[in-house]
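**Q** The chain contents come next:
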Amino acid sequence: MDTIFDLRNISYSYVGKINALKDISLKINRGEQVSIIGTNGSGKSTLLAILNGLIYPTSGDFYAFDNQITEDVFDAIKDNEFRSYFRTKVGFVFQNSDVQLFSPTVYEEIAFGPLQLDVPPEEVKHRVEDVLEIMEITKLRDRSPHTLSGGEKKKVCIATVLVNNPDVLLLDEPTAGLDPRTQLWLVEFLQELGRSGKTVITATHDLETIEQISKRAIVMGEDHGVKVDGETVKVLDDMALLLSVNLIHEHMHIHGKTVHEHLHAHGKEKEHAHQHLT
Amino acid sequence: MIPDWMKEVDVGPCRCSAVYHGKKGFVGKTIDGIFSFLQEAFVSETYAKRDGLLQGLDPRAKLISILAVIFATSMIGDLYLLIIVYLLTLLFAYLSKVDVLFFIKRVWLFIPIFAGIIALPMVFNVFFPGDPLILLAYLGPGVHIGPFSLPDSIFITKQGVNLAVIFTMRVATCVSAVVLLFITTPQQVLFKSLRSVGVPKIYVLTLEMAYRYIFLLMDMVREMYAAKKARTIKSRSMFEEQKWVGGRMGYTLIRSIDMSEKVHMAMMSRGFNGDVKVMQQFKMKNRDYFAVAAAISLSVLLVLIAQDFIRV
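Order-wise, the sequence lines are chains A and B. Letter 179 of the first sequence, counting from 1, is numbered 179 in the numbering used here, and no numbers are missing. Letter 116 of the second sequence, counting from 1, is numbered 116 in the numbering used here, and no numbers are missing.
Hints may contain errors.
Per label pair, the in silico range of CB-to-CB distance [as the list claims (entries may be wrong)]: (1) A:Thr138 / B:Lys234: 47 to 53 angstroms; (2) A:Glu71 / B:Ala227: 28 to 34 angstroms; (3) B:Val300 / A:Asp118: 54 to 60 angstroms; (4) A:Gly16 / B:Ser235: 42 to 48 angstroms; (5) B:Ser196 / A:Gln191: 21 to 27 angstroms; (6) B:Met238 / A:Thr138: 49 to 55 angstroms.
Because the hints were derived from the structure by calculation, they are not lab data. The beta-carbon is built from N, C-alpha and C at its ideal position, and this holds for glycine as well.
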């Protein structure tokens, strides 16, 4: 399998003080579905921003599509063939939809990406119509982003990325704040993208979805390093590991294959015996 | 897990009742005011979607026509001519299915603030000499305020009133024309049409984004205020309230800077590299060319009359 992302001993710290990533080494291959899991503040979003070439490691080397990504090459104002290639190939769905929706209407928002990448206007129109349709948001086309609901915003965000037809999709907490129906829709959609050969990398702490959208899970520890990198099923079975990175609470159980919260909040009359994880 | 004091529950009835306690605090009033203004912006957006005369025109044609009319209006010195042009704007408002009363109110709301204050000194003989119209006070000879000597009597002058009325009317007419443009054109299209008069696309993009994020930041401010209100048990002094507002302003600024960085990242992520590319979607039709021609002819006519080339 070809490697598309290769991270070698990457560390990142904000303003030179706050550590966000520590000594990360990993490779991601074409067509993989990967989950990056970890608690709040473990560095998942920072890792995605590095993978998207938006920020650059404080130390260590990042290679994408066999080219090293450095600030000097990538941030130059002059047109840059490799950067255009990279931007076409890699799409990023941000955690906060509002930062991604800056255009006056949904239609223009979706058209923004392909226009920047010099897709001819006729082709852009065609693509935007298609994406509006597959995302079932055609009726939103002339709406302003600030009038959309959370779920609608998320759908538009995903549409703005899909319209470039990226091979690699980076998603930051995509299911957060979505209603159950939209969550399920998203999971199925990501599965379908995976089946069609796209590389899907999702940062999340939603343990219920990761098994459905990924085969490989990278667990980030609270020390901002990679704790485990392995098969999703095995990672989810390893309760001791999940506890050690503070992702789960000892009052959680596995029912069948899904992690299930079982709080001790109900009254005594409902109390029943069960085993704690530890 | 929870401390003992948290386990206490007050089950007794409420020993007080809600009564009127005077006016709203200034923070609440200000925020309400800004919101009602924004709400009005939404209301006028609905005018832009109506099927009227001006709504049917290409925004570029509209922008150029209205700029021409404003230019001509600013040169008119005759009150009757100004009134005719003003009535024309009302007629166009009516033809564009804008509620004429709303339109008049919207224009005259700002006139006293901007034009009135500027024009006010003109009417007194203290600043501009002229023939007396209404005598206000007789001061007697040789009155001074500091180094300034005042005239014997203070009165409102005929010429001053005439000038002030013409000035105010001129501003009102120009503002009417601009308001007409604003309320018959959806905001996003309006900004785009600026490109047709040579505004660089990066400014247009910035303007569009500013407009979009004003709403977001407003929501943020509203939430902060609501969160504060929810936790305010006792009303605080004006000074404390002002301190809170100052602090929130700073915080909003920091949040908006942080947000702008992220927005920039989101733009870069989709291929933006400093040179924005946009799709040109307008198409000029015959009626648009006709509208521009008519507006420019009218403007030229007005300028010629104003400059006394044509006598009416």
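**Q** If a hint holds in the structure, say so; if it doesn't, say that too.
**A** Status of the hints after comparison with the structure:
Between A:Thr138 and B:Lys234 the CB atoms are about 52 angstroms apart, so this pair conforms to the stated range of 47 to 53 angstroms. At about 39 angstroms, the beta-carbon gap between A:Glu71 and B:Ala227 misses the expected band of 28 to 34 angstroms. Separation of B:Val300 from A:Asp118 is about 43 angstroms and departs from the stated range, judged on CB atoms against 54 to 60 angstroms. Evaluation of the 42 to 48 angstroms hint for A:Gly16 and B:Ser235 yields a pass: the beta carbon distance comes to about 44 angstroms.
A hinted range of 21 to 27 angstroms is violated for the C-beta pair B:Ser196 and A:Gln191, which are about 47 angstroms apart. Hint check: B:Met238 to A:Thr138, Cβ distance near 52 angstroms, so the stated range 49 to 55 angstroms holds.
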